[in-house]
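Trainee: Note that the protein sequences, when read in sequence, are chains Z and X.
For the first sequence, position 35 matches number 35 in my numbering, and the numbering has no gaps at all.
Counting from 1 along the second sequence, just add 1000 to a position and that's the residue number in my numbering.
Just so you know, the hints here were simulated from the structure itself, not pulled from any lab data.
One should not assume that every hint holds.
[Stated by the list, open to error] With a cut-off of at most 30 Å between alpha-carbon atoms, the simulated DSSO-like pairs for lysine-lysine come out as follows: (1) X:Lys1395 - Z:Lys65; (2) X:Lys1415 - Z:Lys65; (3) X:Lys1162 - X:Lys1511.
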Amino acid sequence: MAETGVVEPREAVDARDGAVEIIGRTPWEITRSRLARDKGTLIALCAAIFFILLALLAPVLTYFKVINPYSSNLDLIGGLGSLPKGPLGGVSMQHWMGVEPGTGRDIFSRVVAGLTVSLVVATLAVLVSVVIGTIIGIISGTAGGRVDWFFSRVIDFVLSFPQTLMLIALSTIVIDILQAAMGTDRTPASMVFMILVMGFFGWPYFARIIRGQVLSLKEREFIEAAKMLGASPRRIYFKELLPHLWAPILVYTTLIMPQNIATEAALGFLGVGIQAPTPSFGSILNDSVHYATSDPAYFIFPGVTLFLVVLSFNLLGDGLRDALDPKADRQ
Amino acid sequence: MQRTKIVAVLATTMGLALAVSACGSNTTPSASTSAAGPASAGGTLSILMGTATEHWDPQRVYVGVNIEAGNRLFSRTLTTFGPVAKDGDAATLVADAATDTGTVSADGKEWKFTIKDGVKWEDGKAVTCEDFKYGVSRTFAVDVITGGPNYAIQFLDIPKNKDGSSAYAGPYKKTGQDLYDKAVTCSGTTITFKMAKPTGDFNSAATMTAFGAFRADKDQGDKSNYAIFSDGPYKLEGTWTANKGGTFVRNDQWDPKTDTIRKALPDKITWDESLTQETEYERLIAGQGEDANAITFDQAPVTALANVEGGAPGRNTIVASPYTRYLTLNYKSKVMSNIKAREALALATDRSAYVAAAGGDTVVKATNSLINPGLPAFPNTPLLAGDKGDPAKAKEALTASGLTMPVKINVTYRKNDTNDKVFSGLKTGWDAAGFETNLIGIPADQYYGTLQSPDSATKYDVSWAGWGADYPSASTVIPQLLDSRSQISSGGPGQDYGYFDNADFNAAIDKTMAITDATAREKAWGELDTQVVTKDFAIVPLINDQFVFVRGANVEGAVVNNTFTGYYDLANVSVKH
Chain Z
1 MAETGVVEPR EAVDARDGAV EIIGRTPWEI TRSRLARDKG TLIALCAAIF FILLALLAPV
61 LTYFKVINPY SSNLDLIGGL GSLPKGPLGG VSMQHWMGVE PGTGRDIFSR VVAGLTVSLV
121 VATLAVLVSV VIGTIIGIIS GTAGGRVDWF FSRVIDFVLS FPQTLMLIAL STIVIDILQA
181 AMGTDRTPAS MVFMILVMGF FGWPYFARII RGQVLSLKER EFIEAAKMLG ASPRRIYFKE
241 LLPHLWAPIL VYTTLIMPQN IATEAALGFL GVGIQAPTPS FGSILNDSVH YATSDPAYFI
301 FPGVTLFLVV LSFNLLGDGL RDALDPKADR Q
Chain X
1001 MQRTKIVAVL ATTMGLALAV SACGSNTTPS ASTSAAGPAS AGGTLSILMG TATEHWDPQR
1061 VYVGVNIEAG NRLFSRTLTT FGPVAKDGDA ATLVADAATD TGTVSADGKE WKFTIKDGVK
1121 WEDGKAVTCE DFKYGVSRTF AVDVITGGPN YAIQFLDIPK NKDGSSAYAG PYKKTGQDLY
1181 DKAVTCSGTT ITFKMAKPTG DFNSAATMTA FGAFRADKDQ GDKSNYAIFS DGPYKLEGTW
1241 TANKGGTFVR NDQWDPKTDT IRKALPDKIT WDESLTQETE YERLIAGQGE DANAITFDQA
1301 PVTALANVEG GAPGRNTIVA SPYTRYLTLN YKSKVMSNIK AREALALATD RSAYVAAAGG
1361 DTVVKATNSL INPGLPAFPN TPLLAGDKGD PAKAKEALTA SGLTMPVKIN VTYRKNDTND
1421 KVFSGLKTGW DAAGFETNLI GIPADQYYGT LQSPDSATKY DVSWAGWGAD YPSASTVIPQ
1481 LLDSRSQISS GGPGQDYGYF DNADFNAAID KTMAITDATA REKAWGELDT QVVTKDFAIV
1541 PLINDQFVFV RGANVEGAVV NNTFTGYYDL ANVSVKH
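Make the full structure from the sequences, and use the hints.
Mentor: In structure tokens, the structure reads:
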């Protein structure tokens, strides 16, 4: 991974020595070539794609009974405390991660189904953050003056909120209201709640980055040129500014993703998040920590999976940032 | 009048009960019997707790743990249940601060107790008849003395206002004081209670600390909640800190000659309630250092059960709990007002999933009776469709109900990790029968409050609940849970969470109450239980659980007293040192 720091654009070298014809490359091509040389990020990318595919396929696999997150296997558990029979929490050919104490449900199935729930919540929450953050960032950056001051203070205000505390305090009431408004079960209501709240507390990160980018971009010649040529503000926002903002948005999306996955797990652990019997990383870990001494495998398998998911997205985000922004210094 | 709370399983008058008791051996209980050999006085007993004490005020105590500990440590009652020799044995009703277990008039409406000489408060003053009279009067101050049982209001011969409240408003407001002074009288050391109706088991109710003495000059109303003023063998050292605990030391004014119940062997008892149940059990099972001198009143959490047998061999107790866990089906809901839908739900209930999720068949038994097996009235109603339920048969019943399938139901339960698993298992059975179950877990501290709120009347179709008898008679079960007249009001359903309201059933309750022969009365309660479960399908009994306790290696004489609350009895406990 260290080699990313020494990457030099090839055309610069070529241009200097003059022997080779100058090859024009788009920023995407440059990024791709940088990425191709970064093995760590590539592995992280493959892992992230694998997890996303698995999450997308989970409902299909559940439908065709390939995985079975809800059925009890009472014959696989027993004794005082209803622990799984057999070593490592009942690991077998049918149950790769063993079975859950008390019910005998397949842990692998529950982890896969939980991955779907966790990733859906994390992704939608990031989307909410991106949309709000980008809009406010662009407005704040271009308008300047009082508007900028106002939005900057709003950002400070939101960032200084104790997010976890708010989530816990609000959860019961807001989920009840959402449930009544949506006319559904508690699970979709609590998912919507988590998406809205994590999305709401995530946007200032985007808004700050976007605002900074816009501030530097708007002094650049091509914007001045566009203004001089009489381009409408709409054209300036969408055609001139936005294409230059994709890179930071993408980088921060991949960096906020694992943060959201971890937040979902932490909230589930505190009993605020997704409710049983719907599996999610949070609800599985919440249950398994109580078995830390009597059935450690129940905690280890889902815990390691969560660790891998978060790690892959984190590494991917770091790698993308390096590839998209050669000036960023990792040290 | 609360749900979890105290329990007594067998009384002297009901020797027959032993026939149904799980531990059939009939050892004569006596205060001096100890299985652990000669016990030694001294040492420090440590009590580890994961649940906070809400009240120590004798009149406000209604949790079994505090009734037991309060009585054995610092609040002597007129009568009590003596300690037993072996886990699960039946205890006998014995005199405590009174000279005998009371005498009742021929019509059953007047009870007399005489207070022993030499029973003293911790400041050396004698405990008088007036102190007992004042103590009982505090129960009537329902706006200040909250949380305790209201048997005094129910039993004593004091008229009621139109809204059902007592005409006597307690010793603070003094409204109707003359009425109380007529119902409870003192003559020398003899206290007389006049009952509104014949009450043959008043002396069993008198074992609750709510019937204990209280000194008027020490009464600070609500501020007395943790201000322990002792007439027992121990007194509080310093103050009690809520959620942390306190330390009990010897009360030098207590005279062992006046007390046949309590051996009071440890010199000091520390009570630490700042723990979580998990850490508490980790410490108890490890039993290191001071923890070897520890006991607890918390049952082992399901997650610790697997470590109990291997980690604490010979130091654990598994004993039937006095509770029955059951479902109430809400008559105010559209779905559950349909008898066929109720029948379908009862048929589809998979109790085997409950048993597994709550810790396995060693500690949980499926039941189809609302009355606990420990009570003489236990009818042992057979399960409708085995312990797994019968979704196919249930589906037939549900089809016959005429409701559109899948039938949506909202099911509430007291939220914890175990119940989450229990109910996801039950949901599978119900959904297989054609229900579409929506599970709603409600946090423990709000659970019963939510059920009892009138707003919840049409919100939930099925609700989980648990109940244990207050003293060993089904008179504290069936009427407390199913008599619509005493339970349902504009303020909510009381303990009749399912709004079961049946005039014939209420008439049957009155008829049963009037039966004077205990055996015949308890049998009649059992029949009503079977009727409500198999004919009306108003209640779906689920399971009876067993309590699992662990104690430290140095603790001797810790025996679970099933008759008196169902926890370790402190009377005979000693610490090897």
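Trainee: Now, for every hint given, state plainly whether the structure supports it.
Mentor: Going through the hints against the structure:
1. X:Lys1395 - Z:Lys65: holds (23 Å)
2. X:Lys1415 - Z:Lys65: holds (29 Å)
3. X:Lys1162 - X:Lys1511: holds (24 Å)
Violated hints are absent here; each numbered hint is respected by the structure.
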